[in-house]
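These protein sequences, in sequence, are chains Z and F. Counting with UniProt numbering, you get residues 1 to 562 for the letters of the first sequence. Counting with UniProt numbering, you get residues 1 to 562 for the letters of the second sequence.
Hints were generated in silico from the structure; no laboratory data involved. Be careful, since some hints might not be right.
Treat identical chains as interchangeable: a pair holds within one or across any two.
Said to hold, decoys possible - Below, computed lysine to aspartate or glutamate pairings styled on EDC-like, alpha-carbon distance capped at 16 Å:
{"#": "1", "residue 1": "Lys294", "residue 2": "Glu57"}
{"#": "2", "residue 1": "Lys400", "residue 2": "Glu447"}
{"#": "3", "residue 1": "Lys399", "residue 2": "Glu389"}
{"#": "4", "residue 1": "Lys485", "residue 2": "Glu363"}
{"#": "5", "residue 1": "Lys278", "residue 2": "Glu187"}
{"#": "6", "residue 1": "Lys531", "residue 2": "Asp561"}
{"#": "7", "residue 1": "Lys330", "residue 2": "Asp196"}
{"#": "8", "residue 1": "Lys365", "residue 2": "Glu417"}
{"#": "9", "residue 1": "Lys451", "residue 2": "Asp313"}
{"#": "10", "residue 1": "Lys551", "residue 2": "Glu326"}
{"#": "11", "residue 1": "Lys374", "residue 2": "Glu417"}
There are 2 protein chains.
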Amino acid sequence: MALRARALYDFNSENPGEVSVRENEILTLYSEQDIDGWFEGTNSKGERGLFPASYVEILRNDAASTLNNNSCTENFSKPSAPSFATFSAPTQPQQQQQHTYQQASQGSDDDWDDDWDDSSTVADEPGTVGGRYHDFEGNGPSTYRVSTSSMSRGNAQQAKSSATVSRNLNRFSTFVKSGGEAFVLGEASGFVKDGDKICVVLGQHGPEWQENPYPFACTIDDPTKQTKFKGMKSYISYKLTPTHTQNQVNRRYKHFDWLYARLVEKFPVISVPHIPEKQATGRFEEDFISKRRKGLIWWMNHMTSHPVLARCDVFQHFLTCNSTDEKAWKQGKRKAEKDEMVGANFFLTISPPAAPLDFQEVESKIDGFKTFTKRMDDSAFQLNATVNEFARKQITGFKKEYQKVGLSFRVLSQAFEMDQQAYSTGLNQAISFTGEAYEAIGEYFAEQPRKDLDPIMDLLALYQGHLANYPDIIHVQKGALTKVKESQKHVEEGKMDRAQVEGIDERCNIISCATLAEIQHFHQIRVRDFKAQMQHYLQQQIAFFQKITGKLEETLQKYDDA
Amino acid sequence: MALRARALYDFNSENPGEVSVRENEILTLYSEQDIDGWFEGTNSKGERGLFPASYVEILRNDAASTLNNNSCTENFSKPSAPSFATFSAPTQPQQQQQHTYQQASQGSDDDWDDDWDDSSTVADEPGTVGGRYHDFEGNGPSTYRVSTSSMSRGNAQQAKSSATVSRNLNRFSTFVKSGGEAFVLGEASGFVKDGDKICVVLGQHGPEWQENPYPFACTIDDPTKQTKFKGMKSYISYKLTPTHTQNQVNRRYKHFDWLYARLVEKFPVISVPHIPEKQATGRFEEDFISKRRKGLIWWMNHMTSHPVLARCDVFQHFLTCNSTDEKAWKQGKRKAEKDEMVGANFFLTISPPAAPLDFQEVESKIDGFKTFTKRMDDSAFQLNATVNEFARKQITGFKKEYQKVGLSFRVLSQAFEMDQQAYSTGLNQAISFTGEAYEAIGEYFAEQPRKDLDPIMDLLALYQGHLANYPDIIHVQKGALTKVKESQKHVEEGKMDRAQVEGIDERCNIISCATLAEIQHFHQIRVRDFKAQMQHYLQQQIAFFQKITGKLEETLQKYDDA
């Protein structure tokens, strides 16, 4: 019998070889082994291709013959306590981590000064924001997330046969990879320093991240072109000035990229804002530099606004370490890469509010948010397309139309100038001026999108990145809830003791608090950002139409003496 | 040997069967007999087809064998005084006129109440402004213009053989048809009443029509649909109220049409403004009625602004005769149709300034004006096309773009409304309002051309009509000047006596004065009209952009409470 899976989310194919799947669509898999985070299979339309492994759940209840003797349902009825215990006490997680860190950072310390960003070719580009998202799903930083247990990819099959009490068989689901499962099952362990404690408090609208008591911002100025190896290599350096230190540091895109990888690794249920996409060609063109700088400013704004991200060590190191102190930089870099409090262990650092949440209410909130993100993603996509097209029309069509009108007026005035009589001179000049005014207005239209529509597109790009992060975050939370339900069932059937269940509940509560706090934060910055951006847009539009009006008023005056 | 002709003006073919000709192009004619004002022939590219007879002059100096024994050059050297005398004393011109008047008015008195306008079919439409111009060239009213002599179409051939001293052999040239030639040759005669006298005075810029001492205007209001024959026939009636009588009269389009025909017939070197074109279908649609009314208002404005047209009897009859007094109307109508002071005789009514003009200077002015009209015609054509396209773009494309933006904002606000938290309600409403505002702005764009671009197109249409009149007017004046040159040559060669030459000079001076006065008037109303229209356009544009700004300012305020 074929191995079947159910799509958990919509996935739209963006590259050759991929197939689109719809939420709840039943898919046929060729193998339960993923290829770098992708499954190969056939969708319900019979289209064959790849889709992200984390977007689907494998269906086991038809006792698929492709599984080893133990199917999921069998294991439910026969939980194996010892193997469960094995998992809750992982051995030497650090060593395992160390290995995968190096993969995650895409190079060793020795490579640090190489241009692994700036000299990258198109082939290893992460592509668009969407592409980045898939990349993060599959390999790279997130491969780390299975490694809080001693289980490695090589012995996954063996592990499955002995430890499937309530363990997800899809080793590549985000719930597993993020460390969410390991944490819920009590497998995470580590020493949490006081300074690392992250508090979730109960606010007016539910769980919230405790506010950053030392809020700060950070400017990004003057991207400058730097060269090294006697001008053989060149790169762009950005000047960062955090308000809490007032010390300027220079950072390159590759530093942002490295930081981003650390953050994604560390925070399973926090939506790390995407950094602007890489670009291989034309990196030093004014437009690109200006566009990337704007993207980095947006990114920085979201980083410093986030109560957890803003305060985390690796970000502070990035913001404050003197660029010229190579030694200090490397030390901080190594420390970040060895950080134990990542993935599953991150949840250990969270202090939830005293009263546990009602899981039913949590589930309903999460479901509501899932619907919200889909709607927002659709509308952001539509708005982005519209705004993009509107900008294009203003730069081309609108400009052309106004300039054609301007030219026609000028041609008329030139014809009129053939009449040399004194009483027509004033009119001829006024019409000529009108022609020039409309040509100028055409230019105004072409220049305007840069001022008002581009910032909207920048905002949408950032939020589209967040929206692409949420399926994974939701997946982690839902995975935890599922574990709670399973454990309740087990305890009713006498297959699990109450203490174990309470531990699972408690840990699920932590994940839920963190997720809801993150969602709350998302809504707050969303309202703040969209309000500010809409106001900015309208102000720019008003200034634009006033500028046109002013030009026309000036033009009209020319007729007074005509 | 082929009959050849030289093009006097550019002619652009507009209909199948016509060929375009360029000024000075040498053409081959199939016959010197025109077909309703058109010659059939071949242009220099070898294209065969029709072109207006009045746009060309037949070339006689190669002693074309197609001519009867007397070629133009032969006649130059052998002027035949008696035959010349024959022409200078036409017999019974009135009778001949009477006959052609009836043709010109397109119907007898008995037909007056028929719906020869309103029930006309597409087939007898005058077509576009350009088409109207050719129509006027060919047949209809202007056929009259040969009839101040006893010569009729039937004996043209015979006349030519006996009277070609300095007579244009093209009986269908405007110079001939307008009566210009007959007048220059002293063939016009009639009794000029004091009230009919038209003075040309020497103004600051040269000859000018004496100003109308009793200037007036006339409003055109409330076009209403009227029916007769128990509703079987319906027509639109316009309410005209001249300021000098303050008595409202009702006139139908056919009355305007009849008046127009009278005016064209009467005034050889006055540019009678074209009435709005006929339209067979959809005559009672709001848009059409409104458009025609606007066209008639423009027309009326040009009529009342013209020192000669405004005062002429037929126009005054049209403006003042009580619509219900059938008898008075018919009387005035018959009187206008029997008017002797038309065509050649019109020139008799003109009193030139005391000092005669310098013909060389006149020729240079006329040439300059000819160049001017061409340039203005080209630029008006271009502006009209641009403005028309600009209006279309605003009604379709611009509207669509702004409305798409509006819709996308609304869709975003709907997505945001899924987040039920209190702090986002204000923003959601504000974004929703922004969406509606942009949809409204889309409508503003669609509505605007009616307010600012349509009036420009109306103005251009009127002026394009005038520009289409000028080749004929220039032709008449140039014809007169040619006669002067010929006569000077003749007198040098002793073939003509000085008194005859002086008479020709005097009459050419009258035509020149009238032509230059008309050109002066044209420039003056042009400067007045274009100034007013450009000011109106800019005022409307300013109001438009202010309206948008106002809407956006209102929208921006919604965010204050958000």
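Verification of the hints:
no., hint, result
1, Lys294 <-> Glu57, "neither (39 Å within a copy, 72 Å between copies)"
2, Lys400 <-> Glu447, "within (13 Å within a copy, 21 Å between copies)"
3, Lys399 <-> Glu389, "both (14 Å within a copy, 14 Å between copies)"
4, Lys485 <-> Glu363, "within (12 Å within a copy, 105 Å between copies)"
5, Lys278 <-> Glu187, "neither (37 Å within a copy, 91 Å between copies)"
6, Lys531 <-> Asp561, "between (46 Å within a copy, 10 Å between copies)"
7, Lys330 <-> Asp196, "neither (21 Å within a copy, 107 Å between copies)"
8, Lys365 <-> Glu417, "between (73 Å within a copy, 15 Å between copies)"
9, Lys451 <-> Asp313, "neither (36 Å within a copy, 64 Å between copies)"
10, Lys551 <-> Glu326, "neither (56 Å within a copy, 56 Å between copies)"
11, Lys374 <-> Glu417, "between (62 Å within a copy, 13 Å between copies)"
Against the hints set out earlier in the document, violations occur for numbers 1, 5, 7, 9, 10.
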